[in-house]
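Under the working numbering, the first residue of the sequence shown is numbered 51, with each subsequent residue one higher.
Watch out, some of these pointers could steer you wrong.
Here are the simulated lysine to any residue pairs, SDA-like style, with alpha carbons at most 25 Å apart [said to hold, decoys possible]:
(1) Lys-457 x Ala-426
(2) Lys-203 x Tyr-305
(3) Lys-317 x Thr-385
(4) Lys-306 x Ala-240
(5) Lys-381 x Pro-216
(6) Lys-317 x Arg-403
(7) Lys-203 x Asp-308
(8) Lys-457 x Tyr-242
(9) Lys-203 x Thr-294
(10) Lys-317 x Gly-389
(11) Lys-303 x Leu-108
(12) Lys-317 x Arg-384
(13) Lys-306 x Gly-226
(14) Lys-203 x Asn-107
(15) Lys-109 x Tyr-305
(16) Lys-306 x Ile-279
(17) Lys-193 x Lys-306
(18) Lys-452 x Arg-403
(19) Lys-211 x Ser-222
(20) Lys-193 x Asp-158
(21) Lys-203 x Pro-106
(22) Lys-193 x Arg-449
(23) Lys-193 x Gly-455
(24) Lys-437 x Thr-385
(25) Lys-317 x Gly-455
(26) Lys-306 x Asp-201
(27) Lys-303 x Val-254
(28) Lys-304 x Pro-105
(29) Lys-306 x Pro-369
(30) Lys-306 x Phe-269
(31) Lys-452 x Ser-222
(32) Lys-381 x Thr-430
(33) Lys-306 x Arg-346
(34) Lys-306 x Thr-294
Keep in mind that the hints were calculated from the coordinates and are not lab data.
Because the structure is a prediction, the values reported are computed rather than measured.
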Amino acid sequence: MGEGSGRTRYHLSRRDFLRYSLAAGAVAWAGSQVPRGLIGAAEAEELFGAADFDPPNLKFFPQSVASGDPAPEGIVLWTRALPAPRDRGGSVRVGYRIALDDERSDTDAFLSPLLSGVAQTSRARDFTVKVQVRNERLRPGTKYRYRFYVDGKRSRSGRFKTLPEPGADVASTRFGYISCQDYTNGYYTALYHLEREDDLDFIVHLGDYIYETVAEDNFQGGGPEERQIDPARLGSGTNGEADTLADYRFLYKKYKTDPNLQALHEKHAFITIWDDHEFANDGYRSFAPDSADSPRRADAARRSAANRAWAEFTPAGVPYNAERGPLEEIKIYRTFDVGNLMSLVLTDERLYRDGPPCGFDTFDRVFTPGCGDEEAEGRTMLGGTQKEWFLDEIIGSNRLWKIWGNKTVRVPRHKDTRLRLPCRLGRG
51 MGEGSGRTRY
61 HLSRRDFLRY
71 SLAAGAVAWA
81 GSQVPRGLIG
91 AAEAEELFGA
101 ADFDPPNLKF
111 FPQSVASGDP
121 APEGIVLWTR
131 ALPAPRDRGG
141 SVRVGYRIAL
151 DDERSDTDAF
161 LSPLLSGVAQ
171 TSRARDFTVK
181 VQVRNERLRP
191 GTKYRYRFYV
201 DGKRSRSGRF
211 KTLPEPGADV
221 ASTRFGYISC
231 QDYTNGYYTA
241 LYHLEREDDL
251 DFIVHLGDYI
261 YETVAEDNFQ
271 GGGPEERQID
281 PARLGSGTNG
291 EADTLADYRF
301 LYKKYKTDPN
311 LQALHEKHAF
321 ITIWDDHEFA
331 NDGYRSFAPD
341 SADSPRRADA
351 ARRSAANRAW
361 AEFTPAGVPY
371 NAERGPLEEI
381 KIYRTFDVGN
391 LMSLVLTDER
401 LYRDGPPCGF
411 DTFDRVFTPG
421 CGDEEAEGRT
431 MLGGTQKEWF
441 LDEIIGSNRL
451 WKIWGNKTVR
461 VPRHKDTRLR
471 LPCRLGRG
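Make the full structure from the sequences, and use the hints.
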């Protein structure tokens with residue numbers, strides 16, 4: 051996915067720049083960056099005019115680029131853009147361009163982009179940039195490429211494919227799915243092979259994009275030495291377990307430096323939900339059962355920190371509003387329709403679920419033999435509102451396939467079994 055380091059001059063008139071910017075149709079939401087389309091010709095030339103390629107060490111775009119939540123006429127674009135140190139004190143403007151992904155070279159394609167725009171970020175967002183683009187210039191079922199610009203540098207190019215038109219006759223779709231990618235246990239070689247699949251329409255990530263621990267004896271520490279993370283790097287002093295916004299941000303930044311993960315993000319749009327480790331192992335609502343400090347007390351500050359970091363670092367068109375509290379500030383369950391072929395329904399089984407049915411001390415919360423509370427009326431994993439939404443989405447869809455994207459193993463269980471099946475399986 052690399053590019054040459056040659057210098058290219060882009061000639062863009064003020065009229066053309068304003069036309070492209072207004073056409074971008076970028077949408078801002080709470081917690082994201084505010085698109086800024088109307089800027090002067092001088093600033094347009096500064097952003098897009100003479101842009102050197104960010105060198106292979108990714109000094110200006112250390113986590114490269116990503117896209118997500120494709121729609122028939124839309125996409126979410128993401129990057130983390132670091133300007134020169136002298137410019138990191140205030141707001142930073144970041145340009146972006148979208149062009150057709152055709153036989154042309156990147157240089158030629160971005161000389162005549164379909165859409166251009168400007169977003170802004172700052173240290174308060176850890177310099178993350180997330181722009182939701184909805185525009186009729188993006189056609190259904192079409193491949194595009196994109197890149198970002200900051201401080202006279204351009205990012206690597208990324209690619210995405212829009213979804214088919216709603217109701218369109220679609221014979222087939224092909225997508226990859228991944229989950230449970232602990233950084234410390236290996237080199238993401240599965241992602242290396244997945245990135246080489248050229249005919250995928252998108253990637254579904256079912257959660258555990260990060261793991262909140264970096265030195266957990268039960269499953270971490272056995273991987274390559276260079277993949278180990280010093281617990282001291284988590285500045286909250288929790289002995290290798292994320293607890294603060296800075297901790298969770300650090301983990302996302304670390305994970306996103308992996309070259310195989312970067313290459314996969316650059317090649318395909320992601321559709322992403324979370325599992326427990328984006329917050330805490332076996333986490334539910336604002337409870338972190340493995341926490342040494344408060345395993346049985348809600349930790350609203352930690353839950354909100356995890357929510358915010360996910361919103362900042364995930365290319366998902368999901369609004370985030372910190373004023374609403376940890377259980378209401380974000381809603382990640384949503385549906386993606388692929389023409390008349392498939393409805394992909396994604397659910398959140400962490401933020402609204404009940405705790406262990408038989409208490410914390412029953413076989414480490416894993417097995418529940420002889421526990422009557424397991425069958426208690428009203429117990430929930432989805433919560434009432436999400437459950438009703440889920441049933442409406444499944445029953446109301448007229449697509450041929452209804453695919454449930456969730457992160458919890460579903461297996462049948464006979465009520466007369468002596469040993470009940472796990473409430474969860476493993477620490478994935």
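Hint by hint, here is what the structure shows:
A threshold of 25 Å between alpha carbons decides the hint, and for Lys-457 with Ala-426 the separation of about 23 Å falls inside it, so the pair holds. With a CA separation close to 23 Å, the supplied pair Lys-203 and Tyr-305 stays within the 25 Å bound. For the hint linking Lys-317 to Thr-385, the alpha-carbon distance of about 22 Å falls within 25 Å, and the restraint holds. Note on Lys-306 and Ala-240: the hinted pairing holds, with a Cα-Cα distance of about 15 Å set against a maximum of 25 Å.
Of the supplied pair hints, the one linking Lys-381 and Pro-216 holds, its CA atoms being roughly 23 Å apart against a limit of 25 Å. For the proposed pair Lys-317 and Arg-403, the alpha carbon gap of about 34 Å is over 25 Å, so the pair is violated. Between Lys-203 and Asp-308 the CA atoms are separated by roughly 21 Å; this keeps the pair inside 25 Å, and the hint holds. At roughly 22 Å between alpha-carbon atoms, Lys-457 and Tyr-242 fall within 25 Å of each other, so this suggested pair holds.
Only pairs whose Cα atoms come within 25 Å are accepted, and Lys-203 paired with Thr-294 is rejected, the gap being roughly 32 Å. Restraint check for Lys-317 and Gly-389: the C-alpha separation of about 22 Å stays at or below 25 Å, so the hint holds. Taking the CA atoms of Lys-303 and Leu-108, the gap is about 13 Å. The hint holds against a cut of 25 Å. Restraint check for Lys-317 and Arg-384: the C-alpha separation of about 23 Å stays at or below 25 Å, so the hint holds.
Restraint check for Lys-306 and Gly-226: satisfied, since their Cα atoms lie roughly 19 Å apart, inside the 25 Å limit. Restraint check for Lys-203 and Asn-107: the C-alpha separation of about 13 Å stays at or below 25 Å, so the hint holds. Between Lys-109 and Tyr-305 the alpha-carbon distance is near 16 Å, which keeps this suggested pair within the 25 Å criterion. This hinted pair checks out: Lys-306 and Ile-279 have alpha carbons roughly 14 Å apart, not beyond 25 Å.
A distance of roughly 24 Å separates the Cα atoms of Lys-193 and Lys-306; the hinted pair therefore holds under the 25 Å criterion. The straight-line distance between the Cα atoms of Lys-452 and Arg-403 is roughly 23 Å, inside the 25 Å bound, and the hint therefore holds. As the CA atoms of Lys-211 and Ser-222 are separated by approximately 15 Å, the hinted pair is consistent with the 25 Å bound. Between Lys-193 and Asp-158 the CA atoms are separated by roughly 16 Å; this keeps the pair inside 25 Å, and the hint holds.
Restraint check for Lys-203 and Pro-106: satisfied, since their Cα atoms lie roughly 12 Å apart, inside the 25 Å limit. For the hint pairing Lys-193 with Arg-449, the CA-to-CA distance comes to about 23 Å; that is within 25 Å, so the pair holds. Restraint check for Lys-193 and Gly-455: satisfied, since their Cα atoms lie roughly 24 Å apart, inside the 25 Å limit. The suggested pairing of Lys-437 with Thr-385 holds, with an alpha-carbon distance near 14 Å, which does not exceed 25 Å.
Distance hint between Lys-317 and Gly-455 is fulfilled; the C-alpha atoms sit about 21 Å from each other, no more than 25 Å. Between the alpha carbons of Lys-306 and Asp-201 the distance comes to roughly 22 Å, so the proposed pair stays at or under 25 Å and holds. The hinted pair formed by Lys-303 and Val-254 meets the criterion: a straight-line CA distance of about 20 Å does not exceed 25 Å. Restraint check: the Cα-Cα separation between Lys-304 and Pro-105 comes to about 19 Å, which is no more than 25 Å; the hinted pair holds.
For the given pair, Lys-306 sits about 22 Å from Pro-369 by alpha-carbon distance, which is consistent with the 25 Å threshold. Distance hint between Lys-306 and Phe-269 is fulfilled; the C-alpha atoms sit about 21 Å from each other, no more than 25 Å. Simply put, Lys-452 and Ser-222 have alpha-carbon atoms about 14 Å apart, close enough for the 25 Å limit, and the pair holds. Between Lys-381 and Thr-430 the CA atoms are separated by roughly 17 Å; this keeps the pair inside 25 Å, and the hint holds.
The hinted pair formed by Lys-306 and Arg-346 fails the criterion: a straight-line CA distance of about 32 Å is larger than 25 Å. A distance of roughly 19 Å separates the Cα atoms of Lys-306 and Thr-294; the hinted pair therefore holds under the 25 Å criterion.
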